[in-house]
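With the hints as a guide, bring both chains together as one complex.
As you go down the protein sequences, you meet chains C and R in turn.
Note that the first sequence ends on residue 691 in my numbering; no numbers are left out.
Note that the second sequence ends on residue 374 in my numbering; no numbers are left out.
Not everything, but these chain R residues come out facing chain C in the computed CB check (under 8 angstroms):
(1) D270
(2) E276
(3) Q279
(4) G284
Covered stretches of chain C, as calculated for chain R (at least 3 residues, CB under 8 angstroms):
(5) 424–433
(6) 482–496
Derived Cβ-Cβ restraints for the label pairs, each shown as a range:
(7) C:Q349 x R:P194: 29 to 35 angstroms
(8) R:A195 x C:L643: 55 to 61 angstroms
(9) C:H469 x R:G175: 37 to 43 angstroms
(10) C:A365 x R:L239: 55 to 61 angstroms
(11) C:Q448 x R:G228: 55 to 61 angstroms
Because the hints were derived from the structure by calculation, they are not lab data.
Everything numeric in this text was worked out from a predicted model, so none of it was measured.
Glycine included, every Cβ here is placed at the ideal spot set by N, Cα and C.
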Amino acid sequence: MAYLQLDSVAKQYGGKMVLRDVSLALRAGEFVSLLGPSGCGKTTLLRIVAGFESPDAGTVLLEGKDITALAAAKRQMGMVFQAYSLFPNMTAAENVRFGLRVRRQDGQAQQKRAAELLDLVGLAEHAQKYPHQLSGGQQQRVALARALAIRPALLLLDEPLSALDAKVRVQLRDEIRRIQQETGVTTIFVTHDQEEALSISDRVVVMQQGVLSQVGDPAAIYGEPENIFVARFVGAVAELPGRVVDGGAGVVEVFGTNVRASRARGLAAGTKVHFLLRPESVRLSQPGADGGLTGVVAGRTFFGALTSLRIDLPGRGSLTAAMPSAEANGLALGTSVAVSWDEDAPRVLTEQGG
Amino acid sequence: MSAGREKAVGSKIGLGLIGLYFAVPLLATGAFSFWEGGSHYGPRAYIALVHQKQLWSSLGLSLRLAVETILVGFVILVPATFWMNLRVRGMRPVFDLISVLPFVVPPIALVAGMTALYTGPAWLVGTSNYLVIPYVILALPYTYRALDVGMRALDLRTLTEASQSLGAGWGTLIFRVVVPNLTTALIGAALLTIAIAMGEFTFANILLFNTFAVYINYVGQTSATEAAALTLLSFLITWLAMLGVLLTGRGQVQIGGAR
Numbered sequence: 338m339a340y341l342q343l344d345s346v347a348k349q350y351g352g353k354m355v356l357r358d359v360s361l362a363l364r365a366g367e368f369v370s371l372l373g374p375s376g377c378g379k380t381t382l383l384r385i386v387a388g389f390e391s392p393d394a395g396t397v398l399l400e401g402k403d404i405t406a407l408a409a410a411k412r413q414m415g416m417v418f419q420a421y422s423l424f425p426n427m428t429a430a431e432n433v434r435f436g437l438r439v440r441r442q443d444g445q446a447q448q449k450r451a452a453e454l455l456d457l458v459g460l461a462e463h464a465q466k467y468p469h470q471l472s473g474g475q476q477q478r479v480a481l482a483r484a485l486a487i488r489p490a491l492l493l494l495d496e497p498l499s500a501l502d503a504k505v506r507v508q509l510r511d512e513i514r515r516i517q518q519e520t521g522v523t524t525i526f527v528t529h530d531q532e533e534a535l536s537i538s539d540r541v542v543v544m545q546q547g548v549l550s551q552v553g554d555p556a557a558i559y560g561e562p563e564n565i566f567v568a569r570f571v572g573a574v575a576e577l578p579g580r581v582v583d584g585g586a587g588v589v590e591v592f593g594t595n596v597r598a599s600r601a602r603g604l605a606a607g608t609k610v611h612f613l614l615r616p617e618s619v620r621l622s623q624p625g626a627d628g629g630l631t632g633v634v635a636g637r638t639f640f641g642a643l644t645s646l647r648i649d650l651p652g653r654g655s656l657t658a659a660m661p662s663a664e665a666n667g668l669a670l671g672t673s674v675a676v677s678w679d680e681d682a683p684r685v686l687t688e689q690g691g
Numbered sequence: 116m117s118a119g120r121e122k123a124v125g126s127k128i129g130l131g132l133i134g135l136y137f138a139v140p141l142l143a144t145g146a147f148s149f150w151e152g153g154s155h156y157g158p159r160a161y162i163a164l165v166h167q168k169q170l171w172s173s174l175g176l177s178l179r180l181a182v183e184t185i186l187v188g189f190v191i192l193v194p195a196t197f198w199m200n201l202r203v204r205g206m207r208p209v210f211d212l213i214s215v216l217p218f219v220v221p222p223i224a225l226v227a228g229m230t231a232l233y234t235g236p237a238w239l240v241g242t243s244n245y246l247v248i249p250y251v252i253l254a255l256p257y258t259y260r261a262l263d264v265g266m267r268a269l270d271l272r273t274l275t276e277a278s279q280s281l282g283a284g285w286g287t288l289i290f291r292v293v294v295p296n297l298t299t300a301l302i303g304a305a306l307l308t309i310a311i312a313m314g315e316f317t318f319a320n321i322l323l324f325n326t327f328a329v330y331i332n333y334v335g336q337t338s339a340t341e342a343a344a345l346t347l348l349s350f351l352i353t354w355l356a357m358l359g360v361l362l363t364g365r366g367q368v369q370i371g372g373a374r
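Chain R with its partners taken away, still in its complex shape (with noise of 0.2 angstroms):
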């Protein structure tokens, strides 16, 4: 056997084995959610489960906070980076820095100073809206990182000043111009705030909200069984964000502008 060969083979062994290494607890939880007790497998889990109101309450709970997250998340950001990249390049390390600081604070402090300092209007401190303010800050490394790498590969400069000469404002800019340039930063983006306010338990748990990740905790303390099969779901729906993240990015073009 050739040395490229045996290479070869011993990095289809790895893969398998990191493969097996993922794949044996999805498919054992997989497994268990469909037992029925004793030698009964069936579906009874997931049939108690689609019946029982909470599941989707709180699923569509879950899913209206991340697509406030990620408006909330483009308002803020898609103008603050374009102006980073566009006027003040000199402050990105200051933006990488905000940027990361998610991973830095424990979400536990982040909750806690966040009751402490916020007060504001019933309609979004006494209900759950007020979990958007903590999961755009969650989402904000990610969001950030799509849409800085998306308007650098863009020339900028040269587009807002060609925009300009004829005749537009910033609004025409920003919509006609930079933000159909940036569909596939923006889809990303989206979709990976979507998997993180899908998962976010902390905030909503000691807030006392009910949403998706919350349920499934619940619904662990009180049937293992269709604990396990709510967990394949949210599983489910994660990985189809992470394939919208890589189709969207797939076969992208280089354009925008000309570096």
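Pulled out of the complex, with its shape left as it was, chain C reads as follows (with noise of 0.2 angstroms):
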């Protein structure tokens, strides 16, 4: 049985469906990541999770138990926002405590948890700390803590890290993934930010207008997108207009070149089809005799270790290539070049999506 099950749930506002037929399930102790551009439903279905939003259709079960009309306070469900939510008149201490002293727990047993949460997130030396005392990341490490610390059923996280600068960002977010695999609660992490969903979760799911595109660990999302909003959304992606020519053997047209990919097999013949290559799967090499793509590098984005050459295909788009740095500088602008890939490499999508 899942942990969490939402099943069918729909949510519209003013005639805009914002959620529709929405089902997942979560196993306990699991870390899932909601990710999608804004608009996408992310934070409906993660405020519908809580509470603060009841669906149109569908219900909520948290561990087989129907939650759908259970007030969010009766829920015990933690949650970090987006917006800095420490109660500005507590100390850091006091904050945490807060959830503690509304169940009415023993003073000594609200401080000692208090005490231990404060710690856990590395801020015992500032637990008397106001709010307007901490910064931005102390002040999302306390609202963790404050979540954490009435130990709840799941832990929601609505974008916490969007309103860090980035240095912190990576160190929370490490944090955080770090936290939750000590304390086990099972938890949802909504974000915008591939980088992050990818990094920190056992399951992302991927959503689009409402809906979910694809649900996966996220090597399969990233290496395996299932439609071409995935594959476009995670990721960085040549995307290459393709003509399969022989289902059996794995060869596409693309660009007037024959190329191998092992997942155009069992295809028909003549279907278009998307051809997805991601930047760190492009080879560049000197321009041969055998008939392969060529381009010229176009662009380069210096990232530190690795470098992105832009690789303009003479009249017919362009791909990234990413690289270390120390080979990229042997390539000057202007140069040409082959193109190449491993025939598992690319990514092969009909043009109905799949």
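This is the structure in structure tokens:
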């Protein structure tokens, strides 16, 4: 039995469908990210789980119990918000104790639990500080400690890192994962940042226009996108138009050149496909006489260890190749290169999206 | 002399003139309050005043009414302004309009309307408690504005949801989260209400209650120097209230949710 089960959940605002027939099951202790662009319904779904919104249709089951109509205050769910949500009139420790005070726990037990949680998030020394005396990252850590203090049935994280600067984001992201693994709390994490979702989740749910586009582990979401939306949204991808030439051998014609792609096997000859290549799959070499795709180095972006090169396929679009910077330095702008890849690397999607 | 310096001197002169405009009548009133006839000056008017029982009873009554007005105003307006800011922001123009009605409707019209409309138990209609009703209405613009500004500075939605997710009900939310974060707004509103209740004359006079303002008027008709002394006393009370508003608003840190 799933720990959290969403069955056919639907929600609309003012006639606009925000969620359509969403069904999803979470296992106990799982870390699941809801990933998607703004307006895809991910936050609405989280708020339905939290009890801040009620679905127009469908049910929410927690450990088999229907909680669809249960008030948010009675759901025992810890939530960390995008905006800083600490109570300004309370110190960090008092914030963490708030949920325990509401539950009328013994004072000493409250103090002990608050100290334990602040220690867990690395803020034991800041227990007596008020929110305005803490940095954004520290405030979100206290919010995390506060959410965990009540031993929540579910931890709900609504883009908790989006207001933080890049370095703190990465630190806190890793810390959230460490704490989640230590506490074993089942977690739903909403984000529009694919890197965040891929790096800390057991499973990622990619959402688009109120539906679940794909659910899978991070490697599958990145490496095996099931449709063109997921391929485009998660990671960089070069998208070339192709047509299957030989479905048995896995040969696809791209810009008039026949190339091999194992994933084209089984498709009928003549099928129009999206031929998708991740930058790290692209190999560049001296142009030879083997008749493969050729292009010209047209741009470069330096990322430190890696450099990304834009390769123009003359008159036929472009693709991106990512490679170690030392290697990329040998390829000046304007250099002609042969473009190749392992035949298992390209993702081949039919135009219907499968 | 440089243009900048000329400008600075000009503004100092301007401020000085405005200061004189306010100070001279007060100083004259102050001097007059010490006049004992002929060329004699002394504290006789003040001594006579403090020995009048009516002064203390009227002052006590006005202060009691001020406290009741503050309490009734907060009980009505804190939840109403909270709910408007949290759930029905579209109603803001209606709230704004209602809050300025006391500026538009003259007190004399209000009191006529009240006497015609209100009936009720003797402890309310038959006593000075009745004045709390118009006083709440008179204080409405100040109380509502102060609370609204305070609540807009808070991220009410996030704070509400954070406390609900931790299991808190509405009572806990309002008393432990919202009200403690509105201290400045509440103190400001309370002090302004005190100033209004201490100075209100029309309602009290027409409804025949002997409040502080009515007593000042009465003394003014019977003893000119005592009236001057009393005027200074009421100024002092109002000023202390205003000073309180300024001091509580000072050094306030932008906190509250996060915007």
